[in-house]
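> Residue numbers (the numbering used here), protein chains in the order written: chain F, 583 to 901; chain D, 98 to 375.
One thing to keep in mind: the hints can contain errors.
With the Cβ distance kept under 10 Å, some of the chain F side facing chain D (calculated, not the full set) [to be verified]:
hint, residue
1, 618
2, 621
3, 641
4, 697
5, 732
What the hints contain is simulated information worked out from the structure, not anything from laboratory work.
All of these numbers come straight from a predicted model, not from anything done at the bench.
Beta carbons are placed, not taken as given, at the ideal position from N, Cα and C, and that holds for glycine.
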Amino acid sequence: MTVTTQDSTRTITVPPEARRTPPPRRPGRRPLISFGHWWWALPAVAMVVGVHYLATLTGGFFAFTDWTGLGDWDFIGFGNFERIFRDPLLLGAVWNTLFLAFGSVILTNVFGLLFAIAINRMLKTRYILRTLLFMPVVLSPLAVAYVWKFIFDFNGPLNGFLGVIGLDGLQKVWLADPTWSIWAILITVVWQQTGFVMVIYLAGLASVPVEVEEAAAIDGAGVWGRFRHVVVPAIRPSIAIATTLGIIQGLRIFDQILALTGGGPAGATETLATQVYKQAFALGQFGFGSALALVLTVIILVFAILQQRITRDRSIGKV
Amino acid sequence: MFRYTKLTALREVAVWIATLIGLLPLYLLVVTALKPDQEVLTTSAIAPPSTVDFGAFIEVLTSTGRNSIPLSILNSVIITVGAIAGLVLLGSVTAYVIARRTRAWTNVTYYLVLIAIILPAQLGTVPLYIGARSVGLTGNALGMILLWIGILLPLSIFLYASFFRGLTTEYEEAAVIDGATPTQAFFRVVLPLMSPATGTVAILAGLIVWNDFFNSLIFLGGSETQTLPVAMYTYVGGLVSAWNKIFAVVIISMIPILAFYMFAQKRFIQGFAGGLKG
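Bound conformation, chain D alone:
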């Protein structure tokens, strides 16, 4: 009874118009970033650039000095990759022990993890900052990686644990009977079977860490090491209405995420809908 009628076609066109109007800001972003300095001020925002000019991108990417954009991209990559690696390693082994062993202490640990997901993080920020500062973990990438592992571990453990509960124990039992140690059974048999969970953890953690501004601003504030969002904030603060340069930085910060998104958009959407429910 629900068939593709003229009315459905009309609805499809209407949704497309609404979507394109909704994405207009991204169009403005791209055309403005590609305009030379003069044109930004003189032409209409909607108008495409008369000639495509990568001058703004070149200027941003060749900036040097303490909080330069290229250096901050490197820092952001190091911190994001380090945090994902730690969250995959610690999250998977912990969830494995919690999900497979059924002792009183594993249940208590699981509830500790669940409550930590719900607990708002704001109140802990000041003590964490003071603690990190006293042991020299502010203003460097290592401190930031450890902080992110601590903040996101509950999410990672929760996601892995729900995957482990759905996987039968026969694989690792077979591996152990064939002579594998528990460590080998986990890393060579179980973890490879968990690649969907690893993908979800990596996507969610990667997005949160890469896009974060608040924690980087506090824990890296005023230091030599800056992540891309903080460098963007500082850099934009020094520019008045140089929108083509501001937008070049903005686009550079979006490209890695959008590239991953186009490549694995289904996993992104499912990871978000499934992962953040918990």
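The shape of chain F in the complex, shown without the other chains:
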């Protein structure tokens, strides 16, 4: 009897660190219960490996061949790439791709940040404004491009507006103009993507404490000073995300070009994405199309990595 009583009192008084609680599960140990079945992952892993890895590797291999989809093919080394960098139309396409990517990143970030700052604090209708400004983002890029095709049409509202305010001299056939057609595409893209960038910045601005901004204001910092020294450091991660995603999206612009100009006039708005489509699928030059896709892929990866490094380095240098 005494032994059992002693036993029970002892277990109660055992200090917490000496209690026989089960040790935390370590990786590799068999867990308490099995979580699903391991083969549940099989179909998805097979599809990811097939659609992403095998396809990309095969495409990288095609880039060094002259395959046309039918019959024999030869391994031609860098022949496709020499052809790309000798063709003025394709060099123009590389230039247009970069122009649209950087143009859209700069403009969407400027407008997106302006709208985000404008509606971030105090506005009574900020949620309605956010909903309205984000709306273009969810629409189909092709559908949006047709709306802008109407606006830029020779008999369309833009020329009509210029006529009304007495600037008839500026009226143009915007989408058939070798200089201005690419700007029309840029405006279409920027109009649709600004809301997306704004939402990223709104999420970043939510992390700026009101107290810090107020303290800076009381210490005599002006609007610019507060923006430069309080807001910008706090939203640096948002800047990195918005610019990286913008570059990646901007380098792949396709729908809007096909709808607005189809690459014309005379190739003035061709990009790598439209040329991949035309060479590989319209002309059946699978090898050459893959080479163009490889150039585009390398450009995307280089800028994505560069962008990550630049934004990260600056934040390290700041701290």
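Dock chain D against the given chain F, drawing on the hints supplied.
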């Protein structure tokens, strides 16, 4: 110290003016689609229609033939719903196994998935097309659904995995102790708890698939089966300056997305800001 002052009111008005000017293209879209054929050419683009005319919508929606708009809407719905169903099912079970089991192979799989999200898709398009064509998966909805599941699985697995990591294992442990099999524990206990993740996956995947033009153009090109964007592209190509009809098609393609957006705009915005970061 930051209070609603006259200056704030002024800012609010200024932002509203900028927003309304920014959304002017959507106003032009609606008024032009509601004009009869004659008025499109004769009246100013800004002017509202003298009488609301649904003629353009009726003509577009009653079009028949191979790549007709009503048929393409049906195809788009089938492909979008099929892709979402596959992405929810495969993405959730795979993410569950990856997130809950801590073996070497699950970590390797997780990194494979993360890299696949970053990997640009362009280079794989030609081999995928050739592969799909050789097994008869081009030009039909099944091939398109499988393609989308393959393309978007990394995103779906990534979103589900981050949700599973934030959910304690106690729910399914309790279910198993009460006698449920692992399969029952997952589908009847864990998956219902994951409805926010399922919502995010469905919204992002639904938007991408419904709005896609590039992949549909390549994998369905020239076939009987067309999605709405490709049918729109073909249909508009046959119309010269018949803007009321073009815009009727454009509005029809936007309505389902906008209806969902108005219904769940917070989830859309958060899903976009959170989901595409990864």
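> Against this structure, judge whether each hint is valid.
Hint check results:
| no. | hint | verdict |
| --- | --- | --- |
| 1 | 618 | 5 Å, holds |
| 2 | 621 | 9 Å, holds |
| 3 | 641 | 4 Å, holds |
| 4 | 697 | 7 Å, holds |
| 5 | 732 | 5 Å, holds |
When the structure is compared with the earlier hints, no violation turns up for any of them.
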